[in-house]
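Q: Listed below are the residues making up each chain.
2 protein chains.
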Amino acid sequence: ARDSFSAYNSKYLTVPQNRTSWHRSGTNGALEIINNYVEGTQTRARDKASPSGLYFRDSKRKVDYVLAYHYRKRLARHVPGAASPEPRRGFASVALVSNGSTGKGHAEPHPLDTLEEERRLQREEYERNLLEAGLEIEKDPENKSQGVSFVRIHAPWQVLSREAELLKIKMPTKKMYEITEEKGILKTLNEIWCKLTEPLQPQVPQQENTKMKTLSYPFSREKIYFFSEKCFPQPETLCGSLLTLNIVSYTALSPLECYEMKSVIMFSVKSCLFTTCIFLFLLGIGTLIANNVYDAAYPLHDVCMHYEKIQSSLLYQEWARYGVFYKFQPIDLIRKYFGEKIGLYFAWLGLYTEFLIPSSVVGIIVFLYGCLTIESDIPSKEMCDQRNAFTMCPLCDKFCDYWNLSSACATARASHLFDNPATVFFSIFMALWATMFLEQWKRLQMRLSYFWDLTGLEEEEEHPRPEYETKLLQKKLKNKNITTECSNEVRCTLSFNLCGICAELIHLLICLQIMLAFSAVFGVIVYRITTAAALSFSTNETTRSNVRVTVTATAVIINLVVVLILDEIYGAVAKWLTEIEIPKTEKTFEERLILKAFLLKFVNSYASIFYVAFFKGRFVGRPGHYVYVFEGYRMEECAPGGCLMELCIQLSIIMLGKQLIQNNLFEIGIPYLKKLFRKLKDERTEVKEMDTNQSKDPQQWDLDYILEPFTGLTPEYMEMIIQFGFVTLFVASFPLAPVFALLNNIIEVRLDAKKFVTELRRPDTVREKDIGIWYNILSGIGKLSVIINAFVIAVTSDFIPRLMYQYAYSQNGTMHGFINHTLSYFNVSQLKAGTQPENSLFAQEVSFCRFKDYREPPWSPHQYEFSKQYWAVLSARLAFVILFQNLVMFLSVLVDWMIPDIPKDISEQIKKEKTVLVDFFLKEEHEKLKLIESFIAHDKQKHRSGTKSRRTRAASFSQSCAFLCLLHGVILSLE
Amino acid sequence: ARDSFSAYNSKYLTVPQNRTSWHRSGTNGALEIINNYVEGTQTRARDKASPSGLYFRDSKRKVDYVLAYHYRKRLARHVPGAASPEPRRGFASVALVSNGSTGKGHAEPHPLDTLEEERRLQREEYERNLLEAGLEIEKDPENKSQGVSFVRIHAPWQVLSREAELLKIKMPTKKMYEITEEKGILKTLNEIWCKLTEPLQPQVPQQENTKMKTLSYPFSREKIYFFSEKCFPQPETLCGSLLTLNIVSYTALSPLECYEMKSVIMFSVKSCLFTTCIFLFLLGIGTLIANNVYDAAYPLHDVCMHYEKIQSSLLYQEWARYGVFYKFQPIDLIRKYFGEKIGLYFAWLGLYTEFLIPSSVVGIIVFLYGCLTIESDIPSKEMCDQRNAFTMCPLCDKFCDYWNLSSACATARASHLFDNPATVFFSIFMALWATMFLEQWKRLQMRLSYFWDLTGLEEEEEHPRPEYETKLLQKKLKNKNITTECSNEVRCTLSFNLCGICAELIHLLICLQIMLAFSAVFGVIVYRITTAAALSFSTNETTRSNVRVTVTATAVIINLVVVLILDEIYGAVAKWLTEIEIPKTEKTFEERLILKAFLLKFVNSYASIFYVAFFKGRFVGRPGHYVYVFEGYRMEECAPGGCLMELCIQLSIIMLGKQLIQNNLFEIGIPYLKKLFRKLKDERTEVKEMDTNQSKDPQQWDLDYILEPFTGLTPEYMEMIIQFGFVTLFVASFPLAPVFALLNNIIEVRLDAKKFVTELRRPDTVREKDIGIWYNILSGIGKLSVIINAFVIAVTSDFIPRLMYQYAYSQNGTMHGFINHTLSYFNVSQLKAGTQPENSLFAQEVSFCRFKDYREPPWSPHQYEFSKQYWAVLSARLAFVILFQNLVMFLSVLVDWMIPDIPKDISEQIKKEKTVLVDFFLKEEHEKLKLIESFIAHDKQKHRSGTKSRRTRAASFSQSCAFLCLLHGVILSLE
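The listed protein sequences derive, respectively, from chains G and R.
Take the first sequence: its position 208, counting from 1, is numbered 208 in UniProt numbering, and each next residue is one higher.
Take the second sequence: its position 484, counting from 1, is numbered 484 in UniProt numbering, and each next residue is one higher.
Some hints here could point you the wrong way.
Simulated crosslink set (SDA-like; lysine to any residue; CA at most 20 Å straight-line) [said to hold, decoys possible]:
id, chain 1, residue 1, chain 2, residue 2
1, G, Lys-904, R, Lys-584
2, G, Lys-911, R, Lys-584
3, G, Lys-911, R, Arg-767
4, G, Lys-174, G, Gln-203
5, R, Lys-769, R, Thr-585
6, G, Lys-912, R, Lys-584
7, G, Lys-783, R, Phe-890
8, R, Lys-584, G, Lys-174
9, G, Lys-471, G, Ile-580
Some chain R residues well away from chain G (every beta-carbon gap over 12 Å; in silico) [what the hints assert, rightly or not]:
id, residue
10, Arg-57
11, Glu-198
12, Leu-200
13, Ala-833
14, Ser-875
Simulated from the structure, these hints should not be mistaken for lab results.
Ideal placement from N, C-alpha and C gives every residue a C-beta, glycine not left out.
Put together the whole structure using the sequences plus the hints.
A: Structural data, given as structure tokens:
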């Protein structure tokens, strides 16, 4: 590691500071350097009228990054009025230097002051390192007793180019090439599609020529003549104004490509700041923030975040408002403003929402099919038929009476809505839909990474998390006296200790949490059983008749509340557990956090649904031999219409409730309240400070500082993934799930967009090629959904028994007599003493009551044993599971195999790009050959003319350099 | 496409020919250039004593590639003695020019001559292009009337370096870095493992320092000072001698790395030759060979392929002989000699063979468990017990008698060997084993691609197949008169036509072929049914008693023969079908061919086994209601011990037969016969030509020309993959399969090795990162095996009925009475007229006979319907399938997830490499800074001293160039 330190030191020492940027724009090489230099100066001068707050005081250098911190001067203690810390102050820019820094320094040092002093030293050291790394810094004088101060950082051209080279960032070259278009019918179809969707397209200024793509190549300063000149003349002025995504300035300056460099490198700058610190002091900016040395670190929003100004910005107009809910998202714009990672999230969300449209349509059709066939459904007709007097066994001991099956007519009819053959089709459809969605996502991801020049992007080197390094440092310091072994050893020991102690603890805690979720479900079950029993004791007739409805409704609501509360708890627990683990890098941290959070939230959301689908009503026993829990409470049964109905209710309420409350109420309401609160507070503060501050317009960094910090995409993804689970896992029981998901997502997209544009500090751009672990989770859910749907159809629904009846047991091949077939007989005289209904109101004398099961009748030698039908139906159910699972899995594999991961046009394009690149290189090499000849001639001439003035010589020297550099590849091949 | 032509033209024009190679070895830059140049010349002179046949006539330039062709002079017609074409001539090098090329040219042109002339022109044009591309060529004079002539190609340094740069081939740099070793226990374990396996390691000279790895970086001529000097001084002399894999010369010249460049670039040379032609004439070397313009194109073997010499080569000693069968393979050596693709095949084969060892051990243990428990197995005891007089229903109509179950005692006992609970464990084990194997392969692949510097290797640009281009050209020429549209259009039309007509045809043909395989299986079934019936008519007592054995044995052998014949046919059919399709690139050709061949061979190998496992004996019907086929033939039943026994026999015979006959007999015997034949023929020819040829020692190219051409790895992989299927798919029925596979593979490895070293022309080295589509096929087989094993255990074996009996039906929880439970009763009086046994020898009067099924007894109201037990057992079987499938799949996913694809040490190494690379670059940049200062001083001095002699000026100029080039990155960042 020590070698790395010195290497990093030397890295930054090689780049001298405070030089004017190198500047080049002509195609004819070094001869134009001087001309262009003059031009460049003019460009600068032109740019004085740039938006306030985005530039250094010279109005030339752009603010690329801001560090904010709170300062407190020692003398502050003597000003009693401003003692309480006020973290959210408006701004603290260049104001009157009323309190000089040479104030009353004679007060004795206070512990808080020592801490403050230490932080100041740390800041100074850190900023010195930034300067050494070649960055440029602007600070405001700390002219108040305490307040927020901003360190504004500008990354000049040489830093950007150096980082771009090290990170092998692809940059546009001079070369453009044509994108091959489809021919024939495909082209026509494509054109028609474009025409049709034109009103849905966001109105974003396109590149002038969409049929051409600029060839990109990993940036290299040595091959600088390859690259498009658009990016070189003073990127901070030309590209800077591009960042203002205001329509007017945007369309005026068309070439978007040069922005790419700036955007893409912002991450690298953060990483470079980070790296510097890590290697020099084992402390990153993250640690500095964690230690309150700094408050915040963020790049600036490029639109003024005042509410009045933002509305005119392109991103807001075309993306972040509800009015454009029907439009596609301007993904390229999002990516340019927020970086690839966030761009990918919105692209994914968009694709998911689009994919929900067909599934919603099919879901509605399936539901309508259920509605339309309800009248012709023989089993529900038979059930409702008063003439079929099926006397059912009592639903509870002693207090419940025998009842007539036709009284459950309503539930039977409702049940048919979701329990019909179309549902089977729909769940196969949805399993394939999930596969198709994942495949299409892979293709879209590939397409985006091609157009965003991410192909061939290698994984970034991973930096250890500051927390990890701190821990390591502590451990190291502690161990220093004991042992002098290398840091690697320490790292080993540390992680070994962590493994040993924490891993066990963490597994235990996760198990405990999962137990908690299960026990919550169990609690609700107990609530249901006891309430149902209690209500049935009631003498009130209306109470008793509505037992089932009351119990189900209250239980589901309790369930929902528990889910919502546990969700919040689990989010915190997962984070805490992952922090205990101290994973080495940010990436492992994120992955582990996601896995833990997903596991916990998944269990939490679905446990009650799993219970209803697969366990409820399966351990009831039979009349005369019921299963009792807690001394005397019978296990709960499903409604006579089947458990599928209850599953549907459970699923729909939890899904809708979660979406409405968690996504919309929490996401809209809470930020609104926060804003309101902050506004009120600000107003009060402002009144107080009005006199001390000759306030200018607030600067951009002040405005951004007020915003919430960006905390990652995990909650956004998590929300959608849990929803994806609702849409796919139990779709057999609730075909309308995609519809509700679609409605939610249309709002969600704009809600998230608004949040990102107006309520959060601008996030650091992160380059990423894919959505990482989320893809695996999605594909896991997809696979699980096949098995679960197979079981729901086979076990929970009545699909298989109906099929069996129709084709095996029915006399005439119709469903007539199905209800009778599914009901077994029970001899009432065999009811245990004390469990008979007390005050039976039933008219006729009941000798046999019926119950829903396949059991031998009382007159059979094997009384009440499972009948042959039971086993036959069970076989059929299981066979269906095997068939369904393997068929759907096979189809999924087939779909996966049939749809290539890389779209054909993109793969052809990539191949073409390679060929064009080789050609381009060879052409350049050819040109070099010509140049060398002209240079040799030039060189001879120069030598002949003898010595010149010092200035001319320097110019000719730099010319030679540039020329020679161009030629040197050729020289090597010539020798 | 026209642009590309000119670009490619200009590409080759930029590299002037016939220059001496640029040469550099010092670390201190350009100052040493001249010194080294002198050194280089000395090195050349030293190398005169190089092995004959590997060099041009100057004994300096190495022969990198050879093109062979047949020539026939026009005057040949007038020499009657040599009229018959003799394709396998010994050699035709510099001999007496007895027949001058200015011979009797007055003969009228013959059609054959015109063709010959055309070919000669094509050759001339092609060779001119090779020269233009910078390659160097040596030819022998065509001094005989007809014969084989060789074009020997040498790729000089500038071509190699240009290609390396274009292909971004990673080359060793000057920088070495330490490989992090394991610490603590792991290290000790590793050392113990190394000690233990030392006798198993091949004795190959290692790099001097195995703890260091050279840092590699994509080669660039501009950054040439980065790269290890080992490779630059005259690679053709230094590295050339390395290629002679003779131990003596090998150990004398230790640095292996420089070989890497040579080896790796050979492919690119081929591809470059290829590309040139493709773009210039739409004709590649492949097409030229197809058109008989050339006979063959191959690189040279680097050991003299005479049998006496080869034995002393390292590859032969340590790899390609049976004596070292117990050793690991020298994979690095294989890769260096044959390239990455073949290296990966042998690495894969080695890993597979190693993985077969544990599964063989477990298989043997499972088998032994069966053997040991055979005495304590109650069902087979009961079956053999003479006292349990189960009178079974006759096995055929009329001619068969009732029989006693105890007569089938032997098969019952044999059946237990494979049908016991250990088998269930073994099939779970094998499913996980397959997953583990695939995971480990992924890891090994990653490790190899790290050590072979293939990480970050992009996919090569794909060249269209010559056949495709020819077809295109034909089409184009045909269409030229009709339309003048662009070639793209034509390509579209062509492929469109092909799609329309051929795709349908091909699908039809594949279906037909699969039908053929099924009909073969069906034919064997019919044979079995009829023969069994015919034999049972026989009056001979011994014939009748051995019916089953006779029929099974003959049927399986017929099956085997059919499989072997169809295998050969299918190989040819798959190739033919793929050629009809005219896939665009070699890669798609290979993939489609593999898929087709695999599909056909898979169906062929396993159809009969599938039949026995899942269909045989399931459609027999029941006594009194048998299923008849072909008027009067009853469907065949399984033996009383269960179908598993028959499955086992079928499987073992087909597997062993296929391995013995196809792999060993065909692979050893046929080449031997061919060799013998060739030898005999050669001897005859040689005697004839002795007088005309003053024969020197045959050159290497002559010797290689005699060898068989290399035709790809597909058959080798296919053989192993089909074997992998035998090992995993039905492992539940034949636990010894891995043992036999292991024995076969131990031979197979050395057999293949021998073939590659001694019997084939040296293949072009192909760079590949993975085994491609084979991995997908393997993983597909792995997944299929889970389902098939689940069904074999549940449906074919008696495992589930036994379990059900023991835990549900048995009175006392033991297996006593199981046989009785599985046999149903049949009332003999209900046998249809004419189907009763004619001359029953059975002592007592039979009123009920028994048959193996779960059916209601004759005295039940639902006579002979499936009983409740039947449905219960069926449910259990299906439940087992679901449980087994999902459990094993879950475990596989878990194993997949737990074992990271990239070994931890390798991923750390890769990260470290990146850091080291960045450091290295930064250090170089720092050094540049120092150099620029010294240069400026130097430059001033030079100007002061005024003009010098022309020679010195040129030297100083080249110095300046080199310096300036080194500095120019710094210059840019300085300005």
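Q: Look at each hint and say if it fits the structure.
A: Now for the hints, and whether the structure bears them out:
1. G:Lys-904 <-> R:Lys-584: 14 Å, holds
2. G:Lys-911 <-> R:Lys-584: 14 Å, holds
3. G:Lys-911 <-> R:Arg-767: 18 Å, holds
4. G:Lys-174 <-> G:Gln-203: Given pair Lys-174 of chain G, Gln-203 of chain G is violated - Cα atoms ~28 Å apart, limit 20 Å.
5. R:Lys-769 <-> R:Thr-585: Distance of about 18 Å is within 20 Å: holds.
6. G:Lys-912 <-> R:Lys-584: With Cα atoms ~15 Å apart, Lys-912 of chain G and Lys-584 of chain R stay inside 20 Å; holds.
7. G:Lys-783 <-> R:Phe-890: 11 Å, holds
8. R:Lys-584 <-> G:Lys-174: Distance of about 31 Å is beyond 20 Å: violated.
9. G:Lys-471 <-> G:Ile-580: It holds: about 11 Å lies between the C-alpha atoms, which stays within 20 Å.
10. Arg-57: The claim holds: Arg-57 of chain R sits with its nearest Cβ about 25 Å from chain G, beyond 12 Å.
11. Glu-198: Consistent with the label, Glu-198 of chain R stays out of reach of chain G, its closest Cβ about 28 Å off (over 12 Å).
12. Leu-200: At about 31 Å from chain G, Leu-200 of chain R clears the 12 Å cut-off, so the statement holds.
13. Ala-833: Non-interface label on Ala-833 of chain R holds, nearest chain G Cβ at 31 Å vs cutoff 12 Å.
14. Ser-875: 4 Å, violated
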